[in-house]
Amino acid sequence: MRILAMTRSELLILRRNLWIFMATLIMLAFALALSFAGSAPTGTLGVDMLTISVASMTTLSVYLAPLLALMMSFDAIAGDRERGSLALLLSYPAGRGEILVGKFLAHLAALSIAMGIGFGTAGAIAAWFGSAGADSLVALARLVATSILLGAVFLVLGYAISALASSTTSAAGLSAGLWLVFVVLFDLALLGAVVMDSGGAFTQSVFPWVMVANPADAFRIWNIAASESVALASVMAGAASALPGWAAPLSLLAWPVVGFVLARAAFGKVEP
Amino acid sequence: MDNTNDTRVLEITGLDKFRGTTQVLQGIDLTLRAGERLALLGHNGAGKSTLIKAVLGLIQTEGGSISICGSRPGTGAARTHTAFLPEAVSFHPALTGHEQLLMFARLSGETADISALLQRVGLSEAMHRRIGTYSKGMRQRLGLAQVLLGRPKLALLDEPTSGLDPISRQDLYAIIDELAAQGTAVLIASHALTEVEARTDRIAILRRGVKVADDTLANLSTNAGLPVKLRLRATEAQADQLAQQTGGCRINGASVEIRCAPQDKMAELRRIAALGDVVVDLDMVPPRLEDLYRHYSQEEPS
Chain A
1 MRILAMTRSE
11 LLILRRNLWI
21 FMATLIMLAF
31 ALALSFAGSA
41 PTGTLGVDML
51 TISVASMTTL
61 SVYLAPLLAL
71 MMSFDAIAGD
81 RERGSLALLL
91 SYPAGRGEIL
101 VGKFLAHLAA
111 LSIAMGIGFG
121 TAGAIAAWFG
131 SAGADSLVAL
141 ARLVATSILL
151 GAVFLVLGYA
161 ISALASSTTS
171 AAGLSAGLWL
181 VFVVLFDLAL
191 LGAVVMDSGG
201 AFTQSVFPWV
211 MVANPADAFR
221 IWNIAASESV
231 ALASVMAGAA
241 SALPGWAAPL
251 SLLAWPVVGF
261 VLARAAFGKV
271 EP
Chain B
1 MDNTNDTRVL
11 EITGLDKFRG
21 TTQVLQGIDL
31 TLRAGERLAL
41 LGHNGAGKST
51 LIKAVLGLIQ
61 TEGGSISICG
71 SRPGTGAART
81 HTAFLPEAVS
91 FHPALTGHEQ
101 LLMFARLSGE
111 TADISALLQR
121 VGLSEAMHRR
131 IGTYSKGMRQ
141 RLGLAQVLLG
151 RPKLALLDEP
161 TSGLDPISRQ
171 DLYAIIDELA
181 AQGTAVLIAS
191 HALTEVEART
201 DRIAILRRGV
211 KVADDTLANL
221 STNAGLPVKL
231 RLRATEAQAD
241 QLAQQTGGCR
251 INGASVEIRC
261 APQDKMAELR
271 RIAALGDVVV
281 DLDMVPPRLE
291 DLYRHYSQEE
301 PS
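As given, the protein sequences belong to chains A and B, one line each in that order. Last residue of the first sequence: 272 (the working numbering), numbering continuous. Last residue of the second sequence: 302 (the working numbering), numbering continuous.
Don't read these hints as lab results, they were simulated from the structure. All the pointers check out, no bait thrown in.
Here are a few chain B residues that face chain A, going by a calculated C-beta distance under 7 Å:
no.	residue
1	58
2	76
3	91
4	103
5	107
6	108
Derived CB-CB ranges, DEER-like:
no.	chain 1	residue 1	chain 2	residue 2	range
7	B	14	A	268	24 to 32 Å
8	B	150	A	269	24 to 32 Å
9	B	111	A	180	45 to 53 Å
10	A	1	B	128	21 to 29 Å
11	A	17	B	111	24 to 32 Å
These numbers come from a predicted model, not from an experiment. For every residue, glycine included, the Cβ atom is placed at its ideal position computed from N, Cα and C.
Same shape as in the complex, but just chain A (with noise of 0.2 Å):
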């Protein structure tokens, strides 16, 4: 009920800031853009529009769904506590914990509509124009799931920041730079190891568990390892295929409940 009460008031803020209207139009405008971008090569492959629109739409979401996540939560503590009324909702007899989720159910609910309607209208489109099999749709609906996964890994993280930072200015940079960290820097420096290591034990055995401990990497496996079609020739395709199948998953998953343990100290810290 409180949870609800916190979940709701926050559905309001967004809806009336237009978050939702602006999240909803980024994603629907990259989705399409992609889906007809991709359309060009379709036939002369032998595979299906959608199959190839999905993967580039995997690619996009690696990007996408963290920032879109940590747009959102970067403010959630951080701001109240910069407006003066973080004290008096702490003085309300809904926990802090309690007002996290509220939270997250709110925010969550804010990323799945953007993310449905965004890669929704581009497998429509896929569909529509007769070359969708039953496998792309699959993929279609995984690319969906995992993208608002990952979104709420990145959704707790942005809490716990939030929470840690002095400011809302200082909480927007840190969210920057963990998004950097995580989606650009991390895969960059791995590559680097990569390449020094030439195809040593580091390669061959840690490598993979490395980065499929980084939630943006579990995505971008899990999507492309599931589905045979979307496989990438990269480092990661070789990596995805030397990792048993529920490491990606697991990663995943494993991630929103970390974050909110962390985020959830972080909160208990806050003496507003």
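Please arrange chain B on chain A, whose structure you already have, making use of the hints.
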């Protein structure tokens, strides 16, 4: 919990709070009974807000104990009994006043008549407008409306009059009186001294984290022994003479001011009456809260 006037709603004993190495609260004892209105006075940084946050369970304290209707601060029961109005309260600008209050009602599990509450604080016309368009005073009224949710046993108001115009202040104190009448213990942290004078039952003064006074206004002034000021107006050109006769001092062309201890007041008045026609008029100025406040907040506690 029965509702007799003897019910102790808030009981603080020996509360200590450190921030780094500085002690911001030092052995605070404070009791608040149902229906009692207590003014908590002190300079900025005296520890008023810290004390309130400790009672709300928002901050950790290092020593002493706080009990709210028998519960520890921060527990579900304590939070259910307590209402809080933060200093310069603010809310999310995208919500309307009605939506914000509805959320607070749901959070506390109350099924209150939101519209009636907002009407009570004078926000009936603005309740469906976004809080972003509200003035400071309107936000303060909205903050007050959430205090009225669900008949709290203890209301903690931190600088409730900041940003309010004089008429709103009158409304505010009328609402505080209503709260107290329904049995809520009200703690008002303030430095708007003249207002709390007539509006509270008891006054506690904090000075650098130490409680230096806690009593009714009448007892505080007796104990402080602050002088009563008698202001005499003399007939034309006789002020100097009058000043010499009474031992007072000239304060302007025709007036003389005499300070005397409260217990000597009557004797002094008789002496003045005996002076005859020289005295045209007389004003008596008892020590006001400002004087008391200055007395208790500057002097070392004995």
